[in-house]
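Asker: Here are the chains, one letter per residue:
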Amino acid sequence: MKYALLALALLFSQTSLALAPLPVTQIAPGVYMHQSTHHWPDRDNHGEIANIGFIVGDKCVAVVDTGGSPQQGIALRIAIKQTTSKPVCYVINTHVHPDHIYGNIAFKAPGVKFVGHHKLARAMASRAPHYLGRAEETLDIRVNQDHIIPPDLEVKDSMTLNLGNRELLLTAHPTAHTDNDLSVYDKTTDTLWAADLVFLEHIPVIDGSIKSWLAELDRLEKNHYKLVIPGHGTPVTDWPASMQPQKAYLSDLAKEIRAAIKQGKTLEQAVDSVGLSAKDHWQLFDQFHRKNVTIAFAELEWED
Amino acid sequence: MNQAYKVIGLLITLLPGLAAAEGDDDTWNNTLKSQFFAGKNIEESDAIIALEAPYRAEDPAIVPLSVTAKIPQTQNKYIKKIWLLVDKNPFPFVGEFEFFPESGKADLAMRVRVNTYSNIRAIAETSDGQLTMTKKFVKASGGCSAPIGADLDEAMKRLGKVKFRLDDSLKSGQPAMAQLMISHPNLTGMQMDQMTRFVRKSHFINQLKVTFNGKPVMNAKIDIAISADPNFRFYFMPDKAGELKAEFTDISCESPVSRDVCSKGKSYSQSYAVAP
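Protein chains in written order, with our numbering: chain A, -5 to 298; chain B, 3 to 278.
Chain B on its own, in the form it takes in the complex (with noise of 0.2 angstroms):
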């Protein structure tokens, strides 16, 4: 580091409420970047993928995210990877989400949860193994302690309910948007249950894969800042008729912010024809 850099490092320390003021990188810097890309050299550029987020969250527990790939999905070169993470939330994984060729196109959009003010960022890694990040500053509160939707029975009994929803014009060969609705409450390990006023254990959807025509279209590893009843949109190229399948497991661990001790649950999977 030469004589500038120190100066600015300086400069920087000195003004913690400038530093601060539109989401600091510390997390980032002390702990995420090792944790998650140990070793690795990342871009900082909006040159692969975009990140959408409302500046002010409406409603901190439902926190629409979507991730805008600027390059097509092509078999010499494609996201392969986009990791999310909200820096400042109490376990700040969302997700990590494998593309393929297959899949079209790598946009992604899903609602999370935001615990407070932070930077939600997104890391691209295309096939040629470059890493790209970008990120959105966020103020929000609350969002994984928020208390379980006011009827936790309800959601229960339809636990594991699933919807696709599709365009209604399909052109085969063209990537297609499919949304994905998945009825589970999602608990943090953060949120009282109203009933007993324990906070409740996590129980959350840990793993998602989908598939067309057995293909594979997106591979989801997922966390507890996704909101309760899920909802994912991506794409696929709908070649021929075909069936769009889910397929995920869920988990439930002990405590809300490691994933140490967890005790597997059930695995799901619904099909869905698509005739383009």
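Bound conformation, chain A alone (with noise of 0.2 angstroms):
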């Protein structure tokens, strides 16, 4: 009996939650986002953490990014629903992680295509058993294979989307954040969606090449944009100098990781020496900067 009725509670609570369209905020003209706040990921935000949000033309809508859980991905469907008539035509998935692809199913639907890196096919299909067998114990979301959905389009170098008087251009980039990393220009708002490509105030996270993502915010900071929306943190209209702090975490880390393999430290020293100087600046800091000096290392003792 006590059962039945926590099983009710539960029902009525994911029915009342999947109901509630995701808040959402137009940031510039016909770009809407949802702004996360920094958390690790975790059973109780299960792992909603990223900045996911859409883009509207005259024809249809194009998402970015779909959320961290199924829910979140229904909520930011009735959130489109309730911005505008318009049907989706296109979801874009500006990398493999679950933070911006767990909510892909709620758009699975005819006549919606979805899009990706070249690449991320293949990171889908090499990382999702991992990923999927971990989602129930450290995020308490129930996904299995049907919710990793492969893009239709693949963009290999770039790619422009028409959204009915409103050009997407997307942009495959060479590995930096992960090895399948699509930005979005929408030119109508000179506005660049740089998803993970862009850390703000919190701590870059390294899962591709510290090297090669440094070369690629060197090619960025050379563009201008009137908006640069990052995967997480607060969108910001002054760019190039927004990214500064980033280009300057991941400079010295490569810095004082090449300065340590000279001395001849070790992986050990490495990860309790590096770095540490850029704590105060960073949220999640303790979570992440271990992981990244450990796979930069890994990375930079090999490159001579």
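Where hints are given, some of them may not hold.
As the list claims (entries may be wrong) - Computed footprint of chain B on chain A, listed as stretches where at least three residues anywhere in the stretch have a Cβ under 8 angstroms from a Cβ of chain B: (1) 72 to 81; (2) 144 to 152; (3) 237 to 245; (4) 280 to 288.
To be verified - Here are the simulated lysine to any residue pairs, SDA-like style, with alpha carbons at most 25 angstroms apart: (5) B:Lys247 with A:Asp298; (6) A:Lys256 with B:Lys165; (7) A:Lys256 with B:Lys223; (8) A:Lys150 with B:Met158; (9) A:Lys256 with B:Asp169; (10) A:Lys181 with A:Lys256; (11) A:Lys241 with B:Glu60; (12) B:Lys173 with A:Thr260; (13) B:Lys223 with B:Thr251; (14) B:Lys165 with A:Glu297.
Stated by the list, open to error - Chain B stretches covered by chain A per the calculated footprint, using a threshold of three residues with CB under 8 angstroms from any CB of chain A: (15) 57 to 71; (16) 142 to 149.
In short, the hints are calculated from the structure, not lab data. The C-beta atom is built at its ideal place from N, Cα and C for all residues, glycine as well.
Using the hints, put the two chains back together into the complex; each one sits in its own frame.
Answerer: Encoded structure:
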């Protein structure tokens, strides 16, 4: 009896949750974003920790990342429905990480094309078993292979999507945050949806290559944008000034690790000593910094 | 078993939460001990070797482990062998490392893959035949199935490349630390190939022999738990100028968890001139 009530209560809470639209803000004409606060993905936040949103054209809507859980995907879909009567025509996944793709299934429908970096599908294939296996335990969400939806359209270098009097320029980047980073440039508002190529407030997380990410930041730094939307953090209007902390963090990390390698220091010593002065500048430093050092060290010790 | 032990045994079975909290010894007691040390008496103590491992692994595919010897390597008594096991890995055997009086010091460090919350144990055998075990609990998840590094093509191109790193200040007759780095993806047989989307067959270094001027420093039998780009630190005795040499072979096995059907790979050799 107790369990039946509990199950009922759970059902109601899930239904009401499903019906609530995701709070979104129009940050540029036709560009809507849900901004997340910075948390380690866990059972309380269900991995709903990334900035996600959508862009509305005259004809249709492009979703940019679908969220960290199937529920968040549904909430985003409802938010879109409340904002515009236009249908979703594209779902753009900026990279493979679960906080950006686990809401995909909410948008699977005839006429909707999923879009991603040309390396996204293989990253999904190789990582999905690992991610899915841990989702229930670590995020308290139920997901399976059906929630992993590879792109219908693969972006090799760049691709333009037309939403009706609104062109989005998609760029497939070389390995940076991951090996499948895709950015979205909205020509109409001069907005770069950089996703996890750019971290603000939240410590940058390396899951690709520190060297090649730095090189990519150098290239992006030369461009001008009116608005830049990071994957984690507050959108900024002062590009490239706003990305300097990230660039400094990564380049100091690379510099200090190279010095440690040169001095014959071990990985363990580097993890305990490198880059600690950046601690006060970043949220979630304790959760990600040591992992960043580990990955960067393993990359840089073979560079010469 | 007397009555008191039975009660304790019962209590332990009734308190699985407590027993499992910080890594249980089930796999060791039920399987590994008899598999590797049947009929042997093993003392649990830190008197011969100490094991260092991070409590929470930063990256489960690159977990640094180090073993520190508490006794010197002398002709009279020395550490002959060290086994490393990760209890809960699909293939728990990490490696079996043989040392000699000429090793100088039986310290050993490497990076391993840890697949789930597990005890990691190091067992040392001294030259008098005594076995001593020490263990550490590590929280990690997914180290063996973690995707192959972003660029396997690049990794295959430099496969077999070897680097030695030595202390600048070598003193003749003093044990000196050497670091040996081998470029090798050390595929576990549990990782998806990003290109083909099929699981890649295991392909890993299984034998490693290090000598100095022809005298043995360390012989190792190793397996898939060793991280990609195997990285070892150990000691040797640079009593005079000479040649530090690493020889190793790789192998490919049909199953990630059995070594019954394997095909031999290549042999590699690399030397390094040492001048104390």
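Asker: Against each hint, give a clear statement of whether it holds in the structure.
Answerer: Tested hints:
For the segment 72 to 81 of chain A, the stated coverage by chain B is not satisfied: 0 residues place a CB nearer than 8 angstroms to a CB of that chain, which falls below the threshold of 3. For the segment 144 to 152 of chain A, the stated coverage by chain B is not satisfied: 0 residues place a CB nearer than 8 angstroms to a CB of that chain, which falls below the threshold of 3. Only when three residues or more bring their CB closer than 8 angstroms to a CB of chain B does the claim for the segment 237 to 245 of chain A stand; here the count is 0, and the claim is violated. For the segment 280 to 288 of chain A, the stated coverage by chain B is satisfied: 4 residues place a CB nearer than 8 angstroms to a CB of that chain, which reaches the threshold of 3.
Among the hinted pairs, lysine 247 of chain B with aspartate 298 of chain A is consistent with the structure: their alpha-carbon atoms are about 21 angstroms apart, no more than 25 angstroms. Between lysine 256 of chain A and lysine 165 of chain B the CA atoms are separated by roughly 13 angstroms; this keeps the pair inside 25 angstroms, and the hint holds. A hinted pair counts as satisfied when its Cα atoms are at most 25 angstroms apart, and lysine 256 of chain A with lysine 223 of chain B does not qualify at roughly 30 angstroms. As the CA atoms of lysine 150 of chain A and methionine 158 of chain B are separated by approximately 24 angstroms, the hinted pair is consistent with the 25 angstroms bound.
In summary, the hint linking lysine 256 of chain A to aspartate 169 of chain B is supported, as the alpha carbons are separated by about 11 angstroms, within the 25 angstroms threshold. With a C-alpha separation of about 46 angstroms, the suggested pairing of lysine 181 of chain A with lysine 256 of chain A is violated against the 25 angstroms cut-off. At most 25 angstroms may separate the alpha-carbon atoms for a hinted pair to count; lysine 241 of chain A and glutamate 60 of chain B meet this at roughly 22 angstroms. A distance of roughly 21 angstroms separates the Cα atoms of lysine 173 of chain B and threonine 260 of chain A; the hinted pair therefore holds under the 25 angstroms criterion.
For the suggested pair lysine 223 of chain B and threonine 251 of chain B, the alpha carbons sit about 10 angstroms apart, so the restraint of at most 25 angstroms is met. Of the supplied pair hints, the one linking lysine 165 of chain B and glutamate 297 of chain A holds, its CA atoms being roughly 12 angstroms apart against a limit of 25 angstroms. Figure legend: the segment 57 to 71 of chain B, annotated as covered by chain A; annotation consistent (5 residues with Cβ-Cβ distances under 8 angstroms, at least 3 required). Look at the segment 142 to 149 of chain B against chain A: 5 of its residues bring a Cβ nearer than 8 angstroms to a Cβ of that chain, three or more, so the hint holds.
Figure legend: structure checked against the earlier numbered hints; hints not met, in rising order: 1, 2, 3, 7, 10.
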